[in-house]
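Asker: For reference, the chains in residue letters:
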Amino acid sequence: MAKAVGIDLGTTNSVIAVVEGGQPTVIPNAEGSRTTPSVVAFLDNGERLVGQLARRQAILNPKGTITSAKRFVGRRFDEVKSEIQAVAYDVVEGPNGTVRFKVHDRLVSPEEVSALVLRKLADDAGKFLGEKVTEAVITVPAYFNDAQRQSTKDAGRIAGLEVLRIINEPTAAALAYGLDKRSNETVLVFDLGGGTFDVSILDVGEGVVEVRATSGDTHLGGDDFDRRLVDHLAEEFKKENGIDLRNDAQALQRLFEAAEKAKIELSAVTQTQVNLPFITADANGPKHLVTSIMRAQFEEMTRDLLDRCLGPVEHAMADAKVTASDIDEVILVGGSTRMPAVQNLVRRLTGGKDPNMTVNPDEVVADGAAVQAAVIKGEMQDVLLLDVTPLSLGVETLGGVMSKIIERNTTIPARRTEVFTTAEDNQPAVDIVILQGERERAADNRVLGRLRLEGIRPAPRGVPQVEVTFDIDANGILNVSARDRDTGAEQQITITETSNLSRDDVDRMVRDAEVHRNEDERLRQEVDARNELDSVSYQVRRRLDEVGDGVPSNERSRAEMLLAEARQAIENQADLERLRSLTSDLQQIFHSLAAATATGDGQGGPEASAPDEDVIDADFTVG
Amino acid sequence: MPDGPVRDAEVKPAEDARAPDGDAERAVEHEQERVPDDRLLRALADVDNLRKRFDREVARARADERARAAQSWLPVVDNLELALDHAGPECAPLAEGLRAVRDQAVALLAALGFPRFEDVGQAFDPARDEALAIVETGAPSGTVVATLRPGYGTAESMLRPAGVVVARASD
Chain A
1 MAKAVGIDLG TTNSVIAVVE GGQPTVIPNA EGSRTTPSVV AFLDNGERLV
51 GQLARRQAIL NPKGTITSAK RFVGRRFDEV KSEIQAVAYD VVEGPNGTVR
101 FKVHDRLVSP EEVSALVLRK LADDAGKFLG EKVTEAVITV PAYFNDAQRQ
151 STKDAGRIAG LEVLRIINEP TAAALAYGLD KRSNETVLVF DLGGGTFDVS
201 ILDVGEGVVE VRATSGDTHL GGDDFDRRLV DHLAEEFKKE NGIDLRNDAQ
251 ALQRLFEAAE KAKIELSAVT QTQVNLPFIT ADANGPKHLV TSIMRAQFEE
301 MTRDLLDRCL GPVEHAMADA KVTASDIDEV ILVGGSTRMP AVQNLVRRLT
351 GGKDPNMTVN PDEVVADGAA VQAAVIKGEM QDVLLLDVTP LSLGVETLGG
401 VMSKIIERNT TIPARRTEVF TTAEDNQPAV DIVILQGERE RAADNRVLGR
451 LRLEGIRPAP RGVPQVEVTF DIDANGILNV SARDRDTGAE QQITITETSN
501 LSRDDVDRMV RDAEVHRNED ERLRQEVDAR NELDSVSYQV RRRLDEVGDG
551 VPSNERSRAE MLLAEARQAI ENQADLERLR SLTSDLQQIF HSLAAATATG
601 DGQGGPEASA PDEDVIDADF TVG
Chain B
1 MPDGPVRDAE VKPAEDARAP DGDAERAVEH EQERVPDDRL LRALADVDNL
51 RKRFDREVAR ARADERARAA QSWLPVVDNL ELALDHAGPE CAPLAEGLRA
101 VRDQAVALLA ALGFPRFEDV GQAFDPARDE ALAIVETGAP SGTVVATLRP
151 GYGTAESMLR PAGVVVARAS D
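Sequence order for the protein chains is A and B. Everything in the first sequence is counted per this note's numbering, starting at 1 for the first residue and increasing by one. Everything in the second sequence is counted per this note's numbering, starting at 1 for the first residue and increasing by one.
Hints should not be assumed to be uniformly reliable.
To be clear about the criterion: a stretch of chain B counts as covered by chain A if any three or more of its residues have a C-beta under 8 Å from a C-beta of chain A, and this derived list gives those stretches [stated by the list, open to error]:
| id | segment |
| --- | --- |
| 1 | 114-128 |
| 2 | 157-169 |
Just some of the chain A residues that point at chain B, by a computed CB distance under 8 Å [said to hold, decoys possible]:
| id | residue |
| --- | --- |
| 3 | Gly21 |
| 4 | Leu53 |
| 5 | Gln57 |
| 6 | Leu60 |
| 7 | Pro62 |
| 8 | Ala249 |
| 9 | Gln250 |
| 10 | Gln253 |
| 11 | Phe278 |
| 12 | Gly285 |
Heads up, simulated DSSO-like pairs for lysine-lysine below, C-alpha to C-alpha not over 30 Å straight-line [said to hold, decoys possible]:
| id | chain 1 | residue 1 | chain 2 | residue 2 |
| --- | --- | --- | --- | --- |
| 13 | A | Lys404 | B | Lys52 |
| 14 | A | Lys132 | A | Lys377 |
| 15 | B | Lys52 | A | Lys238 |
| 16 | A | Lys321 | A | Lys181 |
| 17 | A | Lys353 | A | Lys321 |
| 18 | A | Lys353 | A | Lys261 |
| 19 | A | Lys181 | A | Lys238 |
| 20 | A | Lys81 | A | Lys132 |
| 21 | A | Lys132 | B | Lys52 |
| 22 | A | Lys153 | A | Lys127 |
| 23 | A | Lys153 | A | Lys132 |
| 24 | B | Lys52 | A | Lys321 |
Simulated from the structure, these hints should not be mistaken for lab results. In this text the structure is predicted, and so the values were computed from the model without any measurement. Ideal Cβ placement from N, Cα and C applies to all residues, glycine included.
Take the sequences, apply the hints, and build the full model.
Answerer: Spelled out as structure tokens, the structure:
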């Protein structure tokens, strides 16, 4: 079956995504990039290039390289006079006042150019997915009129795609965050891309998304910020060295790359280095551009660009008749919204609300379009039926800690088996306490039930193997069984109340675990360390008994002394450091005892002397 | 995938068909008993597909990360190269040593799957080259006349195209 995709057909870049396994994911193009430049080149020989390849040859073919076709799609020639000034190729009037690009004596419509971009995205995605892409949801800006929407649909059709629906970019962003499922909310979408700025106010509720107002600036974006940084660096260098780097193609290329990198770094740190050694040379030798830029400095030189975002936001809010306090959610779209100054501005304008930015802002629109495509095709339903365990499930083990068997958020039905053993010699039975929760200490979690497995044949501690299986069916009913591998004896219990916790209870338990994480971690380490010391003490004692008189008296007395100290340390709950140093001392004794006797299985350490110890996950206390 | 391996499920019925006649009735009965729930089959298929996708994605993630790490080293190699271009005869022994370091870096990139190329004298190819400048020379139009920055990679995995100067016929 063919996949239905979502396409964000942008002014400068386009993105294609598909829902797989219930989650939208972006599909990389043939060159391996997750975004594709919306650029098409028509060569002299009739060949056409799309995306990155078209961009690479742009300066060789300025009249045949079409960028920003989206600015002309579905518009009349007399509407686009100002846009024509901004492009290097020729724009002419076509039949009935339409817009046409004049390329090598041929007239090309904006729809054809958009179609070539769509075709490349769909073809590359088809190759990646291993199946042809024939259906798509395509996004357009919320302010697009009917003619522009119809033309975008036509572009899809020319590309051989069945356009399932044309949806608004801000609506797609809201879908990607699942906001359509909320009831009655007002959402502000702030979209600052590479070359355009859009702000929209949405009303969402019960699966319906309505655009209440839009505003923006069609010529403002991240590229302007890069340009400022390039100019700043070039001017500074010129002042110092009298050379304008902008006149040197290679230097300019390096400057742009460095500026973009610096801009990105300044989103994470407050100061960054620009390091361009050997940027140019004069009679005196090579010149280097090595400088640092502070975030504050960058924000100062781009303040006016940022200020240009203010008006449209205020305008949209006034049109929608909402104030900052009416806005429930804010969504950031477009790579430029990663800049802290932009985020601060949005926060300030929306009454201090924290914006949604967990979904990659370059991809959120395509993701939302993919979700819409999957919903139209009925692909989202099956996935939603699957449930997860809200809390971890496990058993209590030696030292009063919880050993998790099924982690929280595991998709059910699920089945896991782990092997446990005894903590004492000749232990006749094990008690299995079934726990639910996220805390390390057994007593801090909820007890779901108990199970006792008796009739274990006398054996040294660590030898019996008890398989404990947790099986949760699709309804959340938990079946726990314990089986003695030696005798085959088995006990089981069914627990139906695993899922009767309210959402609040679950949240509280998860939060508790988060709050106590550090102390729980320490407690776990202490219990583990005590268990380890106890285990090595046991091995050393056994070895001493086995070897008997073969042990030199000085070594025996040192071992006895350490064993006594270990017992005390365990009883008195000594600190981690003490437990660990005793453990390592006893391990050394064990090895030297093994070497001294050099008989049979003497090479193994304490770990190796218990059979199959590697499969044992924990010890049960005496039952 | 037409030339993928034949699935087990497609082989088994053929084996059953070869069962002796006397057992045929029982075989049919047996078969009906075993007709699995459609949803179960779908779920199993989903798991299988997920596993395949996971394998593919791990491979891709590794390749992507390798390219990303290699790419972040490119400016260092570029700058070393620029330094060598400025080395005059007065520092020849040092330059010779630095050249060896550069060669080492280039060999390392090649070993990672990103061999270096320059393309001077060849026709401009947007799959390999990025045009940074144009000159009017005697060379045929569309020929790469100089490399401002070497490219790294192969047709399948292009780390960075070569930054080149392209000739245009003077007219």
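Asker: Look at each hint and say if it fits the structure.
Answerer: How the hints compare with the structure:
| no. | hint | in the structure |
| --- | --- | --- |
| 1 | 114-128 | holds (count 3) |
| 2 | 157-169 | holds (count 7) |
| 3 | Gly21 | 6 Å, holds |
| 4 | Leu53 | 4 Å, holds |
| 5 | Gln57 | 5 Å, holds |
| 6 | Leu60 | 5 Å, holds |
| 7 | Pro62 | 10 Å, violated |
| 8 | Ala249 | 4 Å, holds |
| 9 | Gln250 | 4 Å, holds |
| 10 | Gln253 | 6 Å, holds |
| 11 | Phe278 | 4 Å, holds |
| 12 | Gly285 | 7 Å, holds |
| 13 | A/Lys404 - B/Lys52 | 29 Å, holds |
| 14 | A/Lys132 - A/Lys377 | 16 Å, holds |
| 15 | B/Lys52 - A/Lys238 | 56 Å, violated |
| 16 | A/Lys321 - A/Lys181 | 23 Å, holds |
| 17 | A/Lys353 - A/Lys321 | 18 Å, holds |
| 18 | A/Lys353 - A/Lys261 | 29 Å, holds |
| 19 | A/Lys181 - A/Lys238 | 56 Å, violated |
| 20 | A/Lys81 - A/Lys132 | 39 Å, violated |
| 21 | A/Lys132 - B/Lys52 | 19 Å, holds |
| 22 | A/Lys153 - A/Lys127 | 23 Å, holds |
| 23 | A/Lys153 - A/Lys132 | 19 Å, holds |
| 24 | B/Lys52 - A/Lys321 | 51 Å, violated |
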